[in-house]
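Engineer: Sequence:
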Amino acid sequence: MKIQLSDHFDYKRLLRFTFPSIVMMIFTSIYGVVDGFFVSNFVGKTPFAAVNFIMPFLMILGAVGFMFGTGGSAIIAITMGAGDSEKAKRLFSLFVYVSIACGAVIAVLGILFIRPVAALLGAEGEMLDNCVLYGRVILVALPAFILQYEFQSFFITAEKPQLGLAVTVASGVTNMVLDALLVGVLRWGLVGAAAATAFSQAVGGIVPLVYFGRKNSSLLGLVRTKFDGNALLRACTNGSSELMSNISMSIVGMLYNVQLMKYAGEDGVAAYGVLMYVNMIFLAAFIGYSVGAAPVIGYHYGAGNHEELKGLLKRSLVLTGIFSVGMLVLAEGLARPLSLIFVGYDKELLGLTLKGFLIYSFSFLFAGIAIFGSSFFTALGNGLVSALISFLRTLVFQVAAVLIFPLLWGIDGIWVSIVAAELMAALVTALFLIGKRKKYRY
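Each residue of the sequence shown is one higher than the last, beginning at 4 in our numbering.
Hints are supplied without guarantee of correctness; some may be wrong.
[Unchecked claim] Okay, derived cross-link-like pairs now, DSSO-like style, lysine-lysine, Cα gap no bigger than 27 Å in a straight line:
#1 K313 x K229
#2 K218 x K90
#3 K265 x K358
#4 K90 x K229
#5 K317 x K48
#6 K218 x K229
#7 K350 x K48
#8 K15 x K350
#9 K317 x K441
#10 K317 x K439
#11 K317 x K265
#12 K313 x K218
#13 K317 x K442
#14 K441 x K313
#15 K265 x K15
#16 K48 x K265
[Said to hold, decoys possible] Ranges of calculated distance between the beta carbons of each label pair, as one might list FRET restraints:
#17 L18 x K313: 41 to 49 Å
#18 G324 x L411: 15 to 23 Å
#19 I325 x G128: 19 to 27 Å
#20 K317 x G413: 14 to 22 Å
#21 I407 x R440: 32 to 40 Å
#22 H309 x S221: 22 to 30 Å
#23 L430 x A122: 37 to 45 Å
#24 H309 x L18: 20 to 28 Å
#25 V176 x L430: 39 to 47 Å
#26 V261 x G232: 57 to 65 Å
#27 H309 x F230: 48 to 56 Å
Rather than coming from a laboratory, the hints here were simulated on the basis of the structure. Predicted model, so just to flag it, every value in this text is computed and none were measured. The beta-carbon is built from N, C-alpha and C at its ideal position, and this holds for glycine as well.
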């Protein structure tokens, strides 16, 4: 039975509707994980460290897709909730066209400046060359990568989450197969890993573009539109929290790498890379749920259904709490086998990774609250509060913690810092949810 945005959402329906989005985000996060596995085991420790070192910079450049996807989807959902479907299609088309143009410009600039950026961050010698080689191949597909992130949100707003899931799975399988072929069999090294990811991003971005460009059965489609600076500004402002979150996480990732190079050298960067892979997958579940629920929240807010809005918030917080406890248990249980998969060939590196894993895992207890809270306010059209939560969570708290805690506890302080930052962000989110409840009547 088809689920519509206008339906009443109990726990079962909410999970059914958001499940494709959760899987979509997890599959997207697996790209880097698959690359990391093959690079670490078939190319070497230094190239593996290089991939992890340059990845935050590449994620900053792709964050435009999150901004237009989440910010634009909220505006489109509110517009549909108010009953203007034609305007929703025009806005959808505008956001897609502008994203393609932005992606092309950013890709060219990224290719030109990736070497000085990597050098500025501290990469040198073979590691610097590996960063540039991997990054330039990935950047060729950046416009498609931006569209892929964007369409993950738009598929849900179009009431086609299953189709979005199918595209993302196809993209993920493409990445896995090409990594195995190009890196594992043909031994193309970093070029093969980067090419596999670039091709998979092309599948994830171009296939939806073709679908929405033709006549389809969804609520959205690409149509003739006109430039609307106000709508673009609203989308950028509303999606600024997701943009800020991605940029901040990437900046913090760079800072972590600098600190790890200082306290543990290349081994520290490699160990952090393994933790980031697990972190990406687990946080992708929180992000996927939040992205999946956002159009529903936006629709009912736009329609003035305050009781439904109240129920959505309550159920979402309960589900987020259950996910959080489950992830902590799972991460603690999988720490050793996952560490062995990536760095089992180096005993010292394995020990460093495993210790970091056992501490870092506690961050999953708190991360989901802030991620959902930020998305919740984006869906309500309050980009300022959403951005503030993301800014504090992904930048302010983490930067302060990763600069201070290592002075007290050395390398262990780096692993503890993320736990402290997520706890502070959860507390701030709770205060905002309490403080804004009368304004939005949830």
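Engineer: Decide, hint by hint, whether the structure agrees.
Structural biologist: These are the hints, each one checked on the structure:
1. K313 x K229: violated (36 Å)
2. K218 x K90: holds (17 Å)
3. K265 x K358: holds (18 Å)
4. K90 x K229: Distance ~11 Å between K90 and K229 Cα, so the pair holds.
5. K317 x K48: Violated: K317 and K48 sit about 46 Å apart, past 27 Å.
6. K218 x K229: Roughly 20 Å between the alpha carbons, so the hint for K218 and K229 holds.
7. K350 x K48: The given pair, whose Cα atoms are some 13 Å apart, holds under the 27 Å limit.
8. K15 x K350: Given that 27 Å is the threshold and the Cα spacing comes to 45 Å, the pair is violated.
9. K317 x K441: It holds: about 15 Å lies between the C-alpha atoms, which stays within 27 Å.
10. K317 x K439: The hint holds at about 15 Å.
11. K317 x K265: violated (44 Å)
12. K313 x K218: Violated, at roughly 36 Å.
13. K317 x K442: With a Cα-Cα distance of about 17 Å, the restraint between K317 and K442 holds, given a limit of 27 Å.
14. K441 x K313: Holds: K441 and K313 sit about 11 Å apart, inside 27 Å.
15. K265 x K15: violated (48 Å)
16. K48 x K265: Holds - the C-alpha atoms of K265 and K48 are around 18 Å apart, at most 27 Å.
17. L18 x K313: 41 to 49 Å: Taking Cβ atoms as reference, L18 and K313 lie about 18 Å apart, which means the hint is violated.
18. G324 x L411: 15 to 23 Å: violated (30 Å)
19. I325 x G128: 19 to 27 Å: Since the Cβ atoms of I325 and G128 sit about 47 Å apart, the hinted range of 19 to 27 Å is violated.
20. K317 x G413: 14 to 22 Å: Cβ of K317 to Cβ of G413: about 42 Å, so the range 14 to 22 Å is violated.
21. I407 x R440: 32 to 40 Å: Taking Cβ atoms as reference, I407 and R440 lie about 34 Å apart, which means the hint holds.
22. H309 x S221: 22 to 30 Å: holds (28 Å)
23. L430 x A122: 37 to 45 Å: Holds, since L430 and A122 (Cβ atoms, about 39 Å apart) stay within the stated range.
24. H309 x L18: 20 to 28 Å: With Cβ atoms ~23 Å apart, the hint holds.
25. V176 x L430: 39 to 47 Å: holds (40 Å)
26. V261 x G232: 57 to 65 Å: violated (38 Å)
27. H309 x F230: 48 to 56 Å: violated (35 Å)
Checked against the numbered hints above, the structure breaks hints 1, 5, 8, 11, 12, 15, 17, 18, 19, 20, 26 and 27 and satisfies the rest.
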